[in-house]
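Protein chains: 2
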Amino acid sequence: MPLHIKVNQNIMEMEYAVRGPIPGRAAELKKQGRVIIPCNIGNPQALGQKPITFYRQVVSLVEDPSRNTDSVSDYVLDLSKDFLSKMESGLGAYTESNGPLFIRKAIAEFINKRDGFDSSSGASSNPDNIFITNGASEGAKYIIDLLIAGKTDGIMIPIPQYPLYSATIKKCGGVQVNYYPDEDNGWTFNRSILEEALNSVRKNGVTVKGIVVINPGNPTGAVLDEKTIREVIDFAKKNNIVIIADEVYQENVYNAKFVSFARVLGEEDVPLCSLHSVSKGFYGECGHRGGYLEVRNPPKVLGTDMSFTRIILKQASVCLCANTVGQLLTYLMVNSPEEGSDPYRQFIGEKQSILNELKDKAAMIREGFKQMDSVECFGRTGAMYLFPRLNKLPKGSTDFDYCMNLLENTGLCTVNGSGFGQKEGTHHLRIAFLPPKRLIEKVLPEWIKFHNEYVNRK
Amino acid sequence: MPLHIKVNQNIMEMEYAVRGPIPGRAAELKKQGRVIIPCNIGNPQALGQKPITFYRQVVSLVEDPSRNTDSVSDYVLDLSKDFLSKMESGLGAYTESNGPLFIRKAIAEFINKRDGFDSSSGASSNPDNIFITNGASEGAKYIIDLLIAGKTDGIMIPIPQYPLYSATIKKCGGVQVNYYPDEDNGWTFNRSILEEALNSVRKNGVTVKGIVVINPGNPTGAVLDEKTIREVIDFAKKNNIVIIADEVYQENVYNAKFVSFARVLGEEDVPLCSLHSVSKGFYGECGHRGGYLEVRNPPKVLGTDMSFTRIILKQASVCLCANTVGQLLTYLMVNSPEEGSDPYRQFIGEKQSILNELKDKAAMIREGFKQMDSVECFGRTGAMYLFPRLNKLPKGSTDFDYCMNLLENTGLCTVNGSGFGQKEGTHHLRIAFLPPKRLIEKVLPEWIKFHNEYVNRK
Numbered sequence: 004m005p006l007h008i009k010v011n012q013n014i015m016e017m018e019y020a021v022r023g024p025i026p027g028r029a030a031e032l033k034k035q036g037r038v039i040i041p042c043n044i045g046n047p048q049a050l051g052q053k054p055i056t057f058y059r060q061v062v063s064l065v066e067d068p069s070r071n072t073d074s075v076s077d078y079v080l081d082l083s084k085d086f087l088s089k090m091e092s093g094l095g096a097y098t099e100s101n102g103p104l105f106i107r108k109a110i111a112e113f114i115n116k117r118d119g120f121d122s123s124s125g126a127s128s129n130p131d132n133i134f135i136t137n138g139a140s141e142g143a144k145y146i147i148d149l150l151i152a153g154k155t156d157g158i159m160i161p162i163p164q165y166p167l168y169s170a171t172i173k174k175c176g177g178v179q180v181n182y183y184p185d186e187d188n189g190w191t192f193n194r195s196i197l198e199e200a201l202n203s204v205r206k207n208g209v210t211v212k213g214i215v216v217i218n219p220g221n222p223t224g225a226v227l228d229e230k231t232i233r234e235v236i237d238f239a240k241k242n243n244i245v246i247i248a249d250e251v252y253q254e255n256v257y258n259a260k261f262v263s264f265a266r267v268l269g270e271e272d273v274p275l276c277s278l279h280s281v282s283k284g285f286y287g288e289c290g291h292r293g294g295y296l297e298v299r300n301p302p303k304v305l306g307t308d309m310s311f312t313r314i315i316l317k318q319a320s321v322c323l324c325a326n327t328v329g330q331l332l333t334y335l336m337v338n339s340p341e342e343g344s345d346p347y348r349q350f351i352g353e354k355q356s357i358l359n360e361l362k363d364k365a366a367m368i369r370e371g372f373k374q375m376d377s378v379e380c381f382g383r384t385g386a387m388y389l390f391p392r393l394n395k396l397p398k399g400s401t402d403f404d405y406c407m408n409l410l411e412n413t414g415l416c417t418v419n420g421s422g423f424g425q426k427e428g429t430h431h432l433r434i435a436f437l438p439p440k441r442l443i444e445k446v447l448p449e450w451i452k453f454h455n456e457y458v459n460r461k
Numbered sequence: 004m005p006l007h008i009k010v011n012q013n014i015m016e017m018e019y020a021v022r023g024p025i026p027g028r029a030a031e032l033k034k035q036g037r038v039i040i041p042c043n044i045g046n047p048q049a050l051g052q053k054p055i056t057f058y059r060q061v062v063s064l065v066e067d068p069s070r071n072t073d074s075v076s077d078y079v080l081d082l083s084k085d086f087l088s089k090m091e092s093g094l095g096a097y098t099e100s101n102g103p104l105f106i107r108k109a110i111a112e113f114i115n116k117r118d119g120f121d122s123s124s125g126a127s128s129n130p131d132n133i134f135i136t137n138g139a140s141e142g143a144k145y146i147i148d149l150l151i152a153g154k155t156d157g158i159m160i161p162i163p164q165y166p167l168y169s170a171t172i173k174k175c176g177g178v179q180v181n182y183y184p185d186e187d188n189g190w191t192f193n194r195s196i197l198e199e200a201l202n203s204v205r206k207n208g209v210t211v212k213g214i215v216v217i218n219p220g221n222p223t224g225a226v227l228d229e230k231t232i233r234e235v236i237d238f239a240k241k242n243n244i245v246i247i248a249d250e251v252y253q254e255n256v257y258n259a260k261f262v263s264f265a266r267v268l269g270e271e272d273v274p275l276c277s278l279h280s281v282s283k284g285f286y287g288e289c290g291h292r293g294g295y296l297e298v299r300n301p302p303k304v305l306g307t308d309m310s311f312t313r314i315i316l317k318q319a320s321v322c323l324c325a326n327t328v329g330q331l332l333t334y335l336m337v338n339s340p341e342e343g344s345d346p347y348r349q350f351i352g353e354k355q356s357i358l359n360e361l362k363d364k365a366a367m368i369r370e371g372f373k374q375m376d377s378v379e380c381f382g383r384t385g386a387m388y389l390f391p392r393l394n395k396l397p398k399g400s401t402d403f404d405y406c407m408n409l410l411e412n413t414g415l416c417t418v419n420g421s422g423f424g425q426k427e428g429t430h431h432l433r434i435a436f437l438p439p440k441r442l443i444e445k446v447l448p449e450w451i452k453f454h455n456e457y458v459n460r461k
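Heads up: the protein sequence lines correspond to chains A and B, in order.
With positions in the first sequence counted from 1, the corresponding number in this note's numbering is that position plus 3.
With positions in the second sequence counted from 1, the corresponding number in this note's numbering is that position plus 3.
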């Protein structure tokens, strides 16, 4: 008889819809030879987006410095040599667990420049509080795992949210505390929405330790303004809560301006953990798993002399270090080619073309929604996603059923809104607006046709 | 006043000596300009080991297929093209969370070939039960996290052990159950040693769910024979325990033959999770964080229809996938250049030279021990480590003091035995035998001098 065992209940119960049953079914259909359009996940290069040439030239050269360099520009050559001289043992050695200091310094300079901080200002980024990670997910896990000290510790997350957060909170045995941005007002929220969520769990003995804010939003795409960020900061300050700002889509704003939490925070003493990644933006280097976590105003830890960041370093050290190519790409992300340098023109051209195309594709799909019965899509466009509300569904059916049927009918793989959480009684789906235009042009009419038939089914 | 918070106690308490206070002090000394020889960790390329040329040629080309290929052999060119044709979206896209099927198939074929399994045999490796991971550490964490379902669940680990295991058990809130290989008999052990450890905790209500075996040993370097492996299997079978076989040093055997757990297990129905990595062996690609976990005979999970491996896949999916360059290197590790192919001769030459040098360096350091007062080193040489016992220390001092003083005096950074666990009353250190020979020749006399003065201090 095979061994029967009990396993960790938190892992059993955690859900991760972005890779759940619908993508699972899509994989089956693909095996059977069906054409699948994987819009379930923000994975640009899986949908034909080309890597930024400059990035790959540098990585290729750093991996094999002895290769033929005839076609390589002096700028790439010098930068690769400089990188290798600082990264003493090349890409093959473990680095410091938080990443080499020179990369963390470059990240700090990038943040200072982005947010207009003078390096002598109190708001200047501190490289000692930066951790280079395998994508942004790893940094989020470190913080949530550390903050949840017991079963009654909670983390506030927006609904809808990216399921990394709900899954990690569940996995760590803490309480998921939902707050509800106002969909009809473009997913905006304010302090009273946050206070309401906090008060609703405080009476049950839950201690809220952190609040997750995703800006630009995932799955909603909504872009926060400075006023909202200010309200989150005031809320966190008053209630002794650590802010976890997921800012991986900071380059993915199309009709608005990105404002970082760090910028609004300035010199104010509120703990902030912000995340960034090489997976999104115009780079889209998901597979390379690069990113960073920056901690500002780390809280004091009760019962120990160890600092908050020292404990994060200990977490990072157990798996030794983030992968070095992800680290190199993070370095390149914060270190774009200088204006006027050899690769500059091509780099900027590729960047603009990718961002413009994303903007156009989002607009195309939004136009399509207008031809679908009872579909509304709120908020400005940001990130890589649209999150339309399905106001009409056949009686008794759910957005899960809708997405599954959409997949079976058109090959379009999306994720049901319930996978991200949504206000009770509402139905949505998330679509990543990444497929090439010609594919959108082809599938959109099929989707519209499917939709209008499906929702009007008796 | 800054925020004061309570954090996860398990993370606070977990220890990871390999990156603990002694390496911390070494980093400080280095900043001050001292020459440090980092033997605290198996990080070959940090000590001058060159990457395998073939691996880097392929990675470089796959990262930038448009590069100049004048100096690239047809074999490398074809292999890179073939890889890219199978890895449809290149290195920039997320892969399946367990890794692409073609890489998992290649791993399964490697295991079958290594262990002499016919692909039609019941012992043949199943690609569906293989997970490509960021180094081997990640796989070990998945399994331990899954097995520990409550505070009274325990995992058996050898003492001394690699602190990934003690740290992860602590982090997951389980019980660390020690078993003690017999140092004076070359770190061998048998079933009665295992039964003793099990019985000592069973009476306290601890349920042992898994047993970790590190072969070749870390930190001891000891290589297990088939008979011992058989006893572990019988023990696990009788007591319903999952075997976690850390086999990352399988290429690092110098005077013995490596026998895998899978080979000895054959078709027998005992759950086995085995780990391998691109960080060790002759490849030493630590920074790239590649590796795999293979599960055999997955146990049934109580209270669910989900399979054990389906739940591991869910764990892997939360961070989306292992980094793709680590995946490519894992593919190359299990897919060496064919005999007679262009890169073959250079590949084999590099491999042999690295392994021979490791063997010589271990022998040099062992010779040095003979000139140190009351130092004994047991077991055959394996892995990348020697773990000598310090039978004489100044009264009241510990192996931690010894290693710290050794560092301050000679720049040699080792790890104290207590960082790995050791039988009470004994003292050790672990040294990675990786520095270039000329460096060993220089530092060894200094160490001998330091040692004989230090241990005879009044």
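Simulated from the structure, these hints should not be mistaken for lab results.
Heads up, some of the hints might be wrong.
The list cannot tell twin chains apart, which means a pair is met if one copy fits it or any two copies do.
Taking lysine-lysine and the DSS-like style, the derived pairs with C-alpha atoms no more than 25 Å apart in a straight line are [unchecked claim]:
(1) Lys173 - Lys9
(2) Lys240 - Lys9
(3) Lys33 - Lys9
(4) Lys154 - Lys173
(5) Lys230 - Lys154
(6) Lys108 - Lys373
Hints, verified against the model:
no.	hint	in the structure
1	Lys173 - Lys9	both (18 Å within a copy, 19 Å between copies)
2	Lys240 - Lys9	between (42 Å within a copy, 17 Å between copies)
3	Lys33 - Lys9	neither (34 Å within a copy, 48 Å between copies)
4	Lys154 - Lys173	both (10 Å within a copy, 17 Å between copies)
5	Lys230 - Lys154	neither (33 Å within a copy, 45 Å between copies)
6	Lys108 - Lys373	neither (48 Å within a copy, 46 Å between copies)
Hint violations for this structure: numbers 3, 5, 6, all remaining hints satisfied.
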